[in-house]
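Join the two chains, each given in its own frame, into one complex according to the hints.
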Amino acid sequence: MDATFTIRVNGNEHRLTTDPDRPLLDVLREDLHLNGTHYGCGAGDCGACSVLVDGKRIFSCSTAINEVAEVAGTEAAGQSITTIEGLSNGAKLHPVQQAFLDEGAFQCGYCTPGMIVAATALLKEKPSPSDAEIIEGMNGNICRCCGYARMISAIRRAAEQNGGAK
Amino acid sequence: MNTPISDPLGNPTSTGQVEDEPESGEQTQLNRRQFLQSLGAGLLLAVIVPVDALAQERPPRGSGPNRTANEATLAARLHINEHGRITVMTGKVEGGQGARAQIAQAVAEELRVSPEMIDVIMADTALTPDDGGTHGSQTTPRTIPAVRRAASAARDLLLSAAAAKLGVALGELEARNGQIVNVANVRIKQELTYGQIATDVANSKAFTASPSRDIQISAVADWKVLGTSVPHPNARALVTGRHFYPSDYGGPLVLHGAVLRPPAYRAKLKSVDLEPAKNTPDVASVVRDGDFVGVAARTSLAARRAIESLEKSAEWDTTAVVPANTTNVYDHLRQNVRGGADAIKNPYADELTRSTASLRSEYRVAYIQHAPMEPRAAVAHFDGDRLTVWTGTQHPFDVRNELVRALNIDSPDKVRVIVPDFGGGFGGKHSGEVAIEAARLARAAGYAVRLVWTRAEEFAWAYFRPAGVMLAEANLAEDGSIDSWFYRNINSGNSGIASPYRAARNNTQFVQSEAPLRQGSYRALAATANHFARESFIDELAVLAKDDPLNFRLKHLGDERMIAVLRAAAEKGGYAATRLLKSVGTGVGIACGTEKGSFVAACAKVQIAPDGKSFRVTHICQTYECGKIMNPANCLSQVQGGLIMGLGGALYEEVEFDAGVIKNGNFTDYRVPRIADLPTMDIHLLDRPDLPSVGAGETPIIAIAPAIANAIYHATGKRIRQMPIRLDPA
Ligand code: FES
Ligand code: FES
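In the order they appear, the protein sequences are chains A and B. Note that the first sequence covers residues 248 to 413 in the working numbering. Note that the second sequence covers residues 324 to 1053 in the working numbering.
Next comes chain B alone, as it looks inside the complex (with noise of 0.2 Å):
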């Protein structure tokens, strides 16, 4: 076991491999340089991989939002020790979608080691390069090739070395285990293992590559790491407690923070008397600015303590809030499109009023929040005037801009924001609030100081995933041919919004609105969304054809993939004998769809109670293909937590909200899926070595919704079209 690298305060950095009780103490703050002295002697390789050079490898659709400058190249960082163990350094991060692992796989696989020889090193402001934000699925298309050409590059490096060394041609030389072997002359036995060829080489120099577009990366078919199902490198820390998470650094050194929130969204403070709470025992520190009021102190109770002291006296200004509630949010957000009626006028209205078979609906979703498990944590500590944070963030360099700004901090080199393998994101974890709260709190006090949101400000205060309003229209022709299709997505987003169903006419947008409240990314983003409203019309259009919906999708898709997982979700499902044996009460829908280059397909059957109140979801077979899969065990991980996510936004989950207050901010009035909620599953994934791999961490959340919605048609023929679906709305 290598080292654990010390940090400000004396925590383990999260390379994945550090099983150890934290040595605390150390109070060094640790530069690179001093960072690199501690991996010991070795080869230090940076890869620069143009994105261009991976153009080939990433999918036809879906780049992610909100990409930065810096994903115009993907870098890499290896170091090679004289031991021969292997680190990797990545801007990516790890929450619980399984980068670490197959991180490791990808450069076990190029430098033809095995994946316990490499330590993963990840989103270190001071140590990582920025490879952009962990979002949209890319560390599977963009990330992992990157990492594999740079290790690619490094194995070269090591060949050529060796060669010269040895004094023998490059076709000669082989690397294999952790050794370059002489394969052309067997008798003489000639090898020299990587640690020695990496201490000899960087005695020389440091490298920087930019590997040329043609670099030699292992064939699906010669793989022996990627494709395997490498566990979690971090497994045994996880189950044993050991690993430590945002919420969990600093020990005996911080101070326990505590923030004042106001009572509604957009609510600005007037006025508060910050002496009780300064009178509180065992509070350190009360600050205000500006709006922000926090309290920092020796437990996290006399922090809340003092927090509830202040909120007797303070005065809010709440003409800002915005009345809507869950209820009205629907007409809301109509009435206040961006670019008024017109923008959501349909061009072929002539065409749907003269047709014999048109139609036209509308769907809603509510907002639903992330919840996930470990809330937004930060550890601020400041050395002088340099800053560094723990903090759960799926955007490590973004999130260190935000501090310099907020702080006022005179130059990014003073601030190192590290992000611990954390508690799950989903999307919900872009932002860097909890950062600058805790940074905040720890300038006043003059000391570290740890933050973790509870419950309830994770439910009112982090973004939500949008409500939309979605408008779809559409004519048949005479021959069952989709003439004109027309499709509004109001306020959730442009994700998965492009119908893959041939239609003459297609006039497909995605409007802006007034959102009532703070809303951002979520899983799969407006996919979810768009795949309800159009898996569900596309229903609606299969009986205005009086056509079987599965026929009628088969019908009218072109693509190839698509067909082949719907397929599949219809036979594994057991689509065709429910159909036709339908008995009372019981029901069966499907759905397909694909987003971020990866395809689902689900098939859901339904027990309607006799009350005809209320239903259950008895059984679900959903099929996924993401090209070829790099760690089935994973990917199936993905896919079945994917589903049943998805199945908490489909059944139950719906923040509750009037005039920016949140109503039912906790685990008992907000249901997510329980152990109990599970139906009976029977996942397929179907890997295709013949294509690129592409993420899965988001795709498996889209289809389950809309197949339910058409299950429950199917059984009842009522339409339900909102989402959380409900039979009885009371």
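For reference, chain A alone in the conformation it holds in the complex (with noise of 0.2 Å):
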């Protein structure tokens, strides 16, 4: 049965009527639009359906739109929830958006929003990240095109510039 709700997404409230028990990942590309969230694997083994709940990454795959959603008329309260198309400030990129981009830490693409967003929610934990932090907080995602090396340098410099602090 469907239910009407209210989704926090970037700062921007949208109010739907659909399946509570589809994936947040399924509503925000078929339903808001937003692709930049990819689908990787629809099991949480991927991380490239990764988005920010109040700055924590969540799988989106694996999250049903009403765990994240405010549902008319009950008590539950929404939250906010942040993905790649977010991150940036206008033509301002984040810091690890930036970081990023200057280290070319990406070929085919399709796995670096989600990889960005995790690297976004570590560095808001850890602003300087050992290498083991590093590993153990973006062993989460995958990137087949096995481009690890160059992110590392990329959280490295997100985190330089203390990037994840604010």
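Hint data in this document are derived by calculation from the structure and do not stem from the laboratory. Please read all numbers here as calculations on a predicted model, not as lab measurements. Glycine is no exception: its CB is placed at the ideal position from the N, C-alpha and C atoms.
Quick list of simulated restraints, FRET-style, between CB atoms:
#1 A/Asn257 / B/Ala821: 51 to 57 Å
#2 B/Ala643 / A/Ser327: 50 to 56 Å
#3 A/Ser377 / B/Asp992: 27 to 33 Å
#4 A/Asn336 / B/Glu638: 54 to 60 Å
#5 A/Thr251 / B/Lys936: 51 to 57 Å
#6 A/Ser377 / B/Ser636: 51 to 57 Å
#7 B/Arg1042 / A/Gly291: 37 to 43 Å
Next comes the structure, spelled out in structure tokens:
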């Protein structure tokens, strides 16, 4: 049975009536047309679908819309969702985006939004992570182009510029 | 910024420069003429370059497989608009290998402008010429020289037009920075912008040119843009999530598709009740056409639910299913060799028997999957009887033809295939199945349909890199030279099969077998399997000859490029020292190879776990040489990426299956390299300005597995002859 939700994404509120079981990923892509969040596995295995919910990284493929949205007529409060599109501020890139850009830390780029979102969450929690912490924080994200070396450099660069601490 | 070119669903086309939010709503089918109008006034130049004109630039070995007739000529279209902005149209695709930047670089170099002045339109059957698929590392050695000749021809045209207009001799003019400048007489400032000339020339006609064989392209020593690390033209769109991948097209204008899959490879549909699917909420259309059953729905969840409802009633005929599985597949391949036992019989068997130093070994590689991060995806849209499909494929024109056939469309002109830069291919996206499925759904629904394969579908229904059995037999003469060399590759393929080691007699062949799974291309094709087998076997022969593996190789190799990468890897990888000062549980191994005209060597160090059941690759030094390097940063990305992807096939990746059913079709059970798997890496690109440039997307993958297997032998005395390499196969 469809239900009506209010969902807060990148500072905007959207009201929609849909199946409460739908993954947040599908709602972002199919209803809000925020295509930057990508499907990679649908099972929490790859991180391509990463978004921030109240600053923490979640897998939007494995999170149902009714877990994060405000359900009309109930007490359930909606959470604040940030997608890759919401990280930059107009033409000004988020420091983590800028670091990925400066390091050229992508090939096909399909995993990149998920990587940047995961790195943003990591740097928020640990503004100057050790290499071990970078690896731990990023191991849930797969890059099949296998561009991991440059990603590590990008995260180090962002950390140096204190990118995550904002 | 130029205006985004609209398409039937109102999405931006992928010139690599479109940054704005998509403008939706424009529904007109765009034809080439309109498109050219949208480029504005200017000069259009179509250049045909016969492939044999490029012969001197082609690598000595390995033209790619499946070459189509269209590749006999390479065409490039260039447009220069009134502002001097240059658009180049090429049939090549961008799937992360860096072609877009390199093509922009090539044009910028020859037209003497900065790469930011170039827009590259790729792989759109309505706009770009057909220059074959993107495979076999052919973009660098074939497309780039063709594009450079086209750009050179355009420069010549601009120069002569300017000479005529200014009334000066051609020799007095020079092209620089988007202008033709009189350099002979600097006092009377005479200059014309490309835009001015292009508008002028275009008033008379559009040009088709076949540049002569000796057309001037810039010498390596004069390169200003080529040879530098020009970044990915799409970079900003990639980090902001604004790039449109094939799975992103359509916006609010599409339904979402899903397809009923058989329970096993080769199972045939007997019957199915479509009613439950039709009654699923939000489902717009359900279609059955022979074995094909699919649905289109308002959301992808609704589409999947409808498919689940069909699975309950579907009945399947499984008599054609091959009973092979992960364990017995190698026996299966051996037993079903085409040509029977004779095909794998060593003609030098007697020599082996008589020799005091002979060896026979069998190596195996498993079925693996490409698993690109973006699964197969297509958006299909009919406008009357005209079909447009956006999809991620390495062969846009072939896919167009597949669509024409599968959908019974009366003319290829009614089908347009557009390939936006997509999320990884690795040789796995040569075919058009998802495009056909989306088109069938769109036709049935009377509405545009987006179909994105699930990860499980991608694992089970995309073609696999073939499993293979490699038989290697040799004997050594008294003086330690290789007397006879016998080699068979069963089922996995021909690429990289030719041994670079001198042998008095050599009998080497690839033989087909009956494949229990659907198989096809993979990055570097069979070069990975053949190098794993050969480079392991050479190590075994070195042991037989009581020689050091590096020494033994150097004695038997002839090619100086191979010797150079091998020596460099040994030196920079600390081979000799680790060999000498071997500590318990550690080992070092080396391997080298060549494919598609480039050369690679790897020196790997391993650490064996105290219980002897597992190991860790601690360090890899890889050297790589692909002639003159066109884009160092991209080349390094390709080498790093190939190496780490190769680590996956070397250590973890294996498709588990039983009787046509894939058992580990997800990223938990099918393990791919993750960030924690990275060994320390030391990569050296050997630049050779004296040699033509060849592609770097494939060959870096081939040396890592044998280097690891050889290191494990060094550490433990155990020879592992199977990929993935495991100490404890249990
Ligand atoms: S798509 Fe969500 S983790 Fe892979
Ligand atoms: S850049 Fe292609 S998957 Fe990461």
